[in-house]
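Please work from the sequences and hints to get the whole structure.
For the record, in the sequence shown the residue sitting at position 2 is 123 according to the numbering used here, with numbers rising by one throughout.
The hints are simulated quantities; they were obtained by calculation from the structure and are not laboratory data. Here the structure is a predicted model, which means the values were calculated and not measured. Beta carbons: idealized from backbone N, C-alpha and C, even for Gly. Check before you lean on any hint, since a few could be wrong.
[Stated by the list, open to error] Distance windows between CB atoms, simulated:
#1 Ala283 / Asp203: 22 to 28 angstroms
#2 Arg284 / Phe319: 51 to 57 angstroms
#3 Arg276 / His238: 45 to 51 angstroms
#4 Gly156 / Leu322: 32 to 38 angstroms
#5 Leu299 / Glu217: 23 to 29 angstroms
#6 Gln218 / Trp304: 35 to 41 angstroms
#7 Arg276 / Met232: 55 to 61 angstroms
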Amino acid sequence: MSSQDSILTSIRTEAERELGRLERSVGTHLARMEGAQQELTAWQQGVQAALQSTMIDAHQRLEEAAVGNLRSLGNSLAQISDKLGSVDRERQVVGEQIDTLTQKLDAQNAMVRIWEHRITTVETQSLPSGTFDGRVQTMENEVGRVSDYLLALDRHLNVVDARLDELMASHQQMQRDLRVVAWLMLGAMLVVVAVVLFVLLRA
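Structural data, given as structure tokens:
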């Protein structure tokens, strides 16, 4: 019996020793797994924080870009509005000049008709030929000068009309440019809003 007890004791001792070794090995593996899990958790938290920070920065940059685009759009619209106002004022001034020149031209035409009537009246009078020759010649000279002046006014009026046409064409082009710029800025704003919404939804 003592031999059997010795064998059983030896087997029990060896089993306990092996069990202890297994427990220590399992504990070591569990400790390593726990450390790895902690490292993985820390890494996940770091990645999440980095992503959140990146998304916040991207959102802030998008907001700043949107605000900058809106300010740029406002400045562009203000500049275009100033240009249109300047063109309108210049067109108004040119229109007033044309009205003034037209009034002068009408007055000069009336004067020419008066002088022509006077000359016709003098020429039809049955007076000695030498009596009114000097006056008639003076009147004819005056009528010639008035006619030259009227021609000069007419040429100037044509130049003013051409300038007014150019201003009108420029005004229309500015209006078309304003519409194009407004549509482009609206498209850019829609793109920025879509990107911001996409980022927020992904968050």
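Hint by hint, which ones does the structure fall short of? 3 and 7
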